[in-house]
Every structure is written in C-alpha cells, then in structure tokens.
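Kindly generate the complete structure, drawing on both the sequences and the hints.
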Amino acid sequence: MNREEGAKHMLKRSIVQAMLALGLAGCCFGGSGIPGLPGAGTGTAPPGVGTTGTAPPTPPPGVGGGLVTIGPGFMPDPSTATGMAGGPVAASTMSPDCRGFIAAQPNHIVNATGQFANLRIVVSSSSDTTLVVQRADGSFACNDDSDGLNPVVAGPFGPGQHRVWVGTYSASAGGAAYTIGFTELATVTAASLGGGGVIPGIGAIPGVAGAMGALVPQDCGMAVPVYGPVAVGSSVVLGMHTPWTGSDGQGGMVTADTNWAADMAQYVGQRTTVTQLSGLDTAGCPGIRVQADNGTFFWRLRNVSF
1 MNREEGAKHM
11 LKRSIVQAML
21 ALGLAGCCFG
31 GSGIPGLPGA
41 GTGTAPPGVG
51 TTGTAPPTPP
61 PGVGGGLVTI
71 GPGFMPDPST
81 ATGMAGGPVA
91 ASTMSPDCRG
101 FIAAQPNHIV
111 NATGQFANLR
121 IVVSSSSDTT
131 LVVQRADGSF
141 ACNDDSDGLN
151 PVVAGPFGPG
161 QHRVWVGTYS
171 ASAGGAAYTI
181 GFTELATVTA
191 ASLGGGGVIP
201 GIGAIPGVAG
211 AMGALVPQDC
221 GMAVPVYGPV
231 AVGSSVVLGM
241 HTPWTGSDGQ
251 GGMVTADTNW
261 AADMAQYVGQ
271 RTTVTQLSGL
281 DTAGCPGIRV
291 QADNGTFFWR
301 LRNVSF
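Under full-length UniProt numbering, think of the first position of the sequence shown as 1, with each following residue one higher.
Be careful, since some hints might not be right.
[Unchecked claim] Quick list of simulated restraints, FRET-style, between CB atoms: (1) D97 <-> T69: 25 to 35 Å; (2) P159 <-> P96: 23 to 33 Å; (3) D263 <-> S192: 16 to 26 Å; (4) G66 <-> S192: 20 to 30 Å; (5) Q250 <-> D77: 49 to 59 Å; (6) V224 <-> P156: 17 to 27 Å; (7) S172 <-> T93: 48 to 58 Å; (8) A191 <-> G114: 53 to 63 Å; (9) G228 <-> T93: 29 to 39 Å; (10) P72 <-> P96: 48 to 58 Å.
Calculated from the structure, these hints are not laboratory results. All figures in this text were calculated on a predicted structure; none of them were measured in a lab. The beta-carbon is built from N, C-alpha and C at its ideal position, and this holds for glycine as well.
See the structure below:
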C-alpha cells in the first residue's frame, strides 16, 4: 500500500468511526443518529385510542341550584331545588321545539349515576315557565304548559350529565322564582312541590321578597337605597334585569326601564361576591357591584338571588 492509498484508508476509517459514534449517541440520548431528524424519543405523542388531549370542562350552572346527583331509586324523592327562571337567550336556538327565553348557562346539571326508565323533571312557579333539557347524549327534550302553566319533561335518562334550563315564556318575565323537582314518582306535580317557586316571605310586606329568612327589596322608585340583608361580602347569583314601570323616586315616572347592557348577559347565572353597595339608578332601583365583572356593571338588587 503506497502513501496515497494509506491516507485514503485512514480517512474512510475516521468517517466510519464518527458515524458509529453518532449512532451510539442516538441510541442512548433519544436522538435519531442522523443529524436533522427527530428521534423516536422526541416530540409529543398524540393522544392514544379512546383519549383526548384535554377533557371538556363541566359547564357552570346558571341561576339555580347547580349540580344534582341522583341514581335509580334515589331518596328522598322528589329531589328539589330553587332558582330564577329566564334569561336573554331564545330557547329555540337550542332546538326548534323549545320555547321561551333561558340563561346562557344551565340552571341545573343532573348527574345521573345509573339508567332511569322514567325520570320526571317538574317545575312549579307563579310565572309561565318552560323547560329545556339536553341529555348526556346531546339530544333535547323541551316542554311548555304540561301542568297548567308549568312544564314537565319525562322519559328515559341514561347515566351521565344532563343539562337543565328553566325558562320563561316571555323575555320580560325573566327572574321569576321557581321550584324544580326531580322524581321517579307519577304522583309528583307542580302543586305538590309546594311554594309554587315563590320565595318565602313574598307578599307578607309589599315590595319585598324573602331570601334566607330576611327581606330583600323588590321595588324601585326609592329616594334612599334600602339593601335588606345584602352587604359587601354577600354571595349572590346575578339575574337579568326585569323592566320597572313607576316612580323614579325623584318625582318622575319611568316606563319599562331595565338599565341593562348587552354585555351583562354573559354574567347572568354566575354566583359572585358583592364588592360595593352602589346606591340608586335613574329608576330609583338599589344596586350593587360585584367581583365577577370587576365592578363594571350596576346590578339591580331586585334581580339577584341567594
């Protein structure tokens, strides 16, 4: 072997050694062994079969009693809750068969732990209310006036989370109090739920409604604000403003005054903390400011619930 051939042999040997070293590095440190190509141990693996990257969150409840967990044969039967019906959303946008106006978020979420052959959802209210139910499989069941002016949805419900909205037939009736019952019994009716959705104490004193055993002002037209049991730090559920017709508290009159901004709708149904007692608006309605919107909007006291 002459000198030139020996040099070529040494060069080839060096190249082979270098490539072998790179291959070993890829073996032990997650590389591919070939510069510029990702190794088998790099990158992010896609979700496996039957999995997802991020689990969908449970939708928050609207103006109502939140999560209700029941299974076949549950006791006590009926399981009841209360809330405020209605909202700014036309129920027909959920399904063409649905009626009335509902909140953006469900009033109740029914967590069914087993298969129900016939679960009945019954609403009792002094107002004309409607029901929108989205089953866990995505299908809708809606009703209006099955029991007088009260709606009832009944039928089989599988295990999973079912979303329930309690609406009002007219948009202007938003904020109406109701009682809702979840039952397997055919004998449960709107009348048997008791209270008709009326907050305890209403009617005892004109212009006030009971809440947690205390009286919350329901009228506007005040010259001096009255807040009842509501104070800074109170936990309340925000409701859509209902129209006020009457005195403005300053010697004038207003007609169908709502003091409402479209951007407020996104907060309807949220539970939040009172941060300020904000006096009166131009219709003489006492109001508050809250944590949910960072104190941006004036919320009428007459349309919040506990």
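The hints, checked one at a time:
1. A beta carbon spacing of about 28 Å between D97 and T69 agrees with the range 25 to 35 Å that was offered as a hint.
2. Checked against the given bound of 23 to 33 Å, the beta carbons of P159 and P96, roughly 27 Å apart, stay inside it.
3. The given range of 16 to 26 Å is broken by D263 and S192, whose C-beta atoms sit roughly 41 Å from each other.
4. Here the CB-CB span from G66 to S192 is close to 23 Å, well matched to the stated 20 to 30 Å.
5. In this structure, Q250 and D77 meet the distance hint of 49 to 59 Å, their C-beta atoms being roughly 52 Å apart.
6. Between V224 and P156 the Cβ separation comes to about 55 Å, which falls outside the hinted range of 17 to 27 Å.
7. The beta-carbon spacing between S172 and T93, approximately 18 Å, falls outside the hinted interval of 48 to 58 Å.
8. Between A191 and G114 the beta carbon distance is about 29 Å. The supplied range of 53 to 63 Å is therefore violated.
9. With their beta carbons about 36 Å apart, G228 and T93 fall inside the hinted range of 29 to 39 Å.
10. Distance hint check for P72 and P96: the Cβ-Cβ separation is about 31 Å, which falls outside the suggested range of 48 to 58 Å.
Hints 3, 6, 7, 8, 10 from the list above are not met by this structure, while the remaining hints are.
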